[in-house]
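Respectively, the protein sequence lines represent chains A and G.
Position one of the first sequence corresponds to residue -18 (the working numbering), numbered consecutively onward.
Position one of the second sequence corresponds to residue -19 (the working numbering), numbered consecutively onward.
Warning: the hint list may mix true and false statements.
Here are the simulated lysine-lysine pairs, DSSO-like style, with alpha carbons at most 30 Å apart [stated by the list, open to error]:
| no. | chain 1 | residue 1 | chain 2 | residue 2 |
| --- | --- | --- | --- | --- |
| 1 | A | Lys260 | G | Lys391 |
| 2 | A | Lys243 | G | Lys129 |
| 3 | G | Lys129 | A | Lys260 |
| 4 | G | Lys217 | A | Lys243 |
| 5 | G | Lys192 | G | Lys210 |
| 6 | G | Lys105 | A | Lys260 |
| 7 | A | Lys149 | A | Lys131 |
Note that these hints are calculated values from the structure, not bench results.
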Amino acid sequence: MLNDSALRLPQLVNEPGIKRGWVLSCLLHGALLAFIIIGWHPPEKEIEAVRPRYIQAELLQMKPPLEQPAKPAPQPEAKPQPAPKPAVDQEAMRRAEEQKRQEQQKQEQQKKEEQAKAEAEKVRQEQVRKEQEAKAEAEKKRQAAEAEKKRQEQQKKEEQAKAEAEKKRQEEQRKELARQEQLKREQAEKRRQEELANALAMEDDMRAAEASAAQVGTYVDYMASLIASNWSRPPSARRGMEVMLEISLGAAGVVTNVRVVKSSGNSAFDLSAEQAVRKVGQFSRLREMDPAIYQREFRRINILFRPDDLRM
Amino acid sequence: MFKRHVFLVFCLLTAWAVGSHAELTIEITSGQDNPTVIAVSPIKEKNGVLPEDISTIVSADLERSGLFRPVARQNMLSFPGDQSEVYYRDWRVLGAQYLVFGNSERLADGRIKVEFGLAEVLGEKVMLAQTVHGRDDSLRDIAHYISDKVYEALTGIRGVFSTRLAYVTSVPAASGRMVYRLMVSDADGARERLMLESTEPLMSPAWSPDGKELVYVSFETGRPAIFRQKLSDASRKQVTNFTGLNGAPAWSPDGRRLALVLSKDGNPEIYTYDFVSGEFTRMTRHFSIDTEPNWTPDGKSIIFTSDRGGSPQIYKLDVASGATERVTFRGNYNARPRLAPDGRTLVMVHRDGGQFHIASQDLVTNDFRVLTSTAMDESPSVAPNGAMLLYSTKRGGKGVLAAVSIDAGVKFFLPARQGDVREPAWSPFL
Chain A
-18 MLNDSALRLP
-8 QLVNEPGIKR
2 GWVLSCLLHG
12 ALLAFIIIGW
22 HPPEKEIEAV
32 RPRYIQAELL
42 QMKPPLEQPA
52 KPAPQPEAKP
62 QPAPKPAVDQ
72 EAMRRAEEQK
82 RQEQQKQEQQ
92 KKEEQAKAEA
102 EKVRQEQVRK
112 EQEAKAEAEK
122 KRQAAEAEKK
132 RQEQQKKEEQ
142 AKAEAEKKRQ
152 EEQRKELARQ
162 EQLKREQAEK
172 RRQEELANAL
182 AMEDDMRAAE
192 ASAAQVGTYV
202 DYMASLIASN
212 WSRPPSARRG
222 MEVMLEISLG
232 AAGVVTNVRV
242 VKSSGNSAFD
252 LSAEQAVRKV
262 GQFSRLREMD
272 PAIYQREFRR
282 INILFRPDDL
292 RM
Chain G
-19 MFKRHVFLVF
-9 CLLTAWAVGS
1 HAELTIEITS
11 GQDNPTVIAV
21 SPIKEKNGVL
31 PEDISTIVSA
41 DLERSGLFRP
51 VARQNMLSFP
61 GDQSEVYYRD
71 WRVLGAQYLV
81 FGNSERLADG
91 RIKVEFGLAE
101 VLGEKVMLAQ
111 TVHGRDDSLR
121 DIAHYISDKV
131 YEALTGIRGV
141 FSTRLAYVTS
151 VPAASGRMVY
161 RLMVSDADGA
171 RERLMLESTE
181 PLMSPAWSPD
191 GKELVYVSFE
201 TGRPAIFRQK
211 LSDASRKQVT
221 NFTGLNGAPA
231 WSPDGRRLAL
241 VLSKDGNPEI
251 YTYDFVSGEF
261 TRMTRHFSID
271 TEPNWTPDGK
281 SIIFTSDRGG
291 SPQIYKLDVA
301 SGATERVTFR
311 GNYNARPRLA
321 PDGRTLVMVH
331 RDGGQFHIAS
341 QDLVTNDFRV
351 LTSTAMDESP
361 SVAPNGAMLL
371 YSTKRGGKGV
381 LAAVSIDAGV
391 KFFLPARQGD
401 VREPAWSPFL
């Protein structure tokens, strides 16, 4: 069945009226298709063609090409200048006319020549001007170049100077840096040495302090025993009594002053302590000690009297 | 705000205290207690020689205390009469720490004016300057007064040079019997004065607290009896006349009572006798012997000797309650108790290895100490300043008086008398 219907279409084409319409339709469709594919650009092309070219008009200013055609122009005019032969009457008239025409021609020619001359002069002047201009231009160019060269040279010099200065500066900076570095190093070294010295001094001090303490201890014992052996307590002295004396020592351990700083409340007890120191009078062995320690520790001494060997 | 200020002040004080502690401090805890060297320059007599050498008496007083060593007069370079004449260097070279100087002037009315001063030689300053007046017969009093002032200034303790001693002497008489004498003298033994002489024993003299009377035991009636006698006019009065023992009278600190021993009830017991009411009050009730009563300084207690514990020991009796406690425990013989004025130091006769010594005991610490090195010591009597005590002992077979300082540092004998000297009693401050 299917074959039947497919086969039926060609049958229709065979009809003569339908055949023409089919061709037309095909053409129309093809034209439409082409139109669609190619596109439609109707008047735009014409407008584009009419557009004037303004850019080209500017070129009219260029004049130099005028000189060449102007020169040959007068020569062909001057060549056909035959002497006019006067005709009788008519000739004369023709001659006069000719003369007139020639004169006119001559005048014209002259005018033309003058014109040409002026033109030429103008051209020449133009040329000169142009040359001068060119020359000036060249000069200017040269000067500019020279100036440029000079400037460049100057610049170069300056740059060189600058570079040199920079170099110098850098050098100096480097030197300064080095100097500072050196200084820093020196200072660090100095500090280190100082620290070392301090440490050493401290150690010395400590050792000295130890020695001094030992020395002080020795002399304190000496003083204490000397004072104790000179101390006669009054019968009113009792255990628990305390008197603090401040003694001042002058040169060579001589007792220069004795005063009660803190009384025991028993004046006789205080007095006995004071007397013990006064009786000693001079702690002669203090002369043997380091004067610095003596000055520091022994010029003014507190002495505490606190009997603990009393029965009551 | 206030708190902060207080705190700041505290900080400052602390800082100050710490700062002040930076100074070296030496501590002295022992001493040699050597005698203090003192120079007693002769009193410069402006008009007329005095019958007594005041400075010699002063010098001897001070030396006898054991605390001073006087400079010999022949070594002195000058005899300053007053402060302007003192050249400290002169005394320093002699090693003198102190100088006593002075001058005397007999006034128009016969009185004698004495100016004296005490100077500290090393400190070069006058510590004491006074003027005293007297008569020819009171020059010793003036001397002792000066000694007292110097002693007190230098020792902190009131001097006892102006006090007196009472004691009993016994001298064999031509008849072969013993003659007993109650004597009173200056503290230095000078100006001895007879209070009573008897062929019967005299015992146990004791001073009234005002120092104007004595009580003692006399056998003059054939048996022991207690008498009181005024020093001023030697008038006397019998206090007890009981059968049996009447002994060991001790005047109470307030002067109103006596503590004494009576055996009227069969056994020696401690009694008190009230001078005003005339009443006797029995204080002890024990079958053993209770004797030798002595008042504590506050008058509230009586210390006495009793053998109630099997050996003679010292007991303390509370007068108000009658409560009794034993005080001594060292050794097997402690007797004849006396208390120092501090009420703390008890002195007694202590037997140690068959020898009798004077010993002391601190009633607070119970520290016990034998003070004497003599052998037959008895009857200790403490000086009113508590620094020294007198006792009697035997020397060369003779009874003599001796003194020892309460710390045992000073010991000396009083000048020898004819016969035996016993039972010294140191007067109170006069």
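Evaluated hints:
no., hint, result
1, A:Lys260 x G:Lys391, "25 Å, holds"
2, A:Lys243 x G:Lys129, "25 Å, holds"
3, G:Lys129 x A:Lys260, "23 Å, holds"
4, G:Lys217 x A:Lys243, "55 Å, violated"
5, G:Lys192 x G:Lys210, "6 Å, holds"
6, G:Lys105 x A:Lys260, "15 Å, holds"
7, A:Lys149 x A:Lys131, "25 Å, holds"
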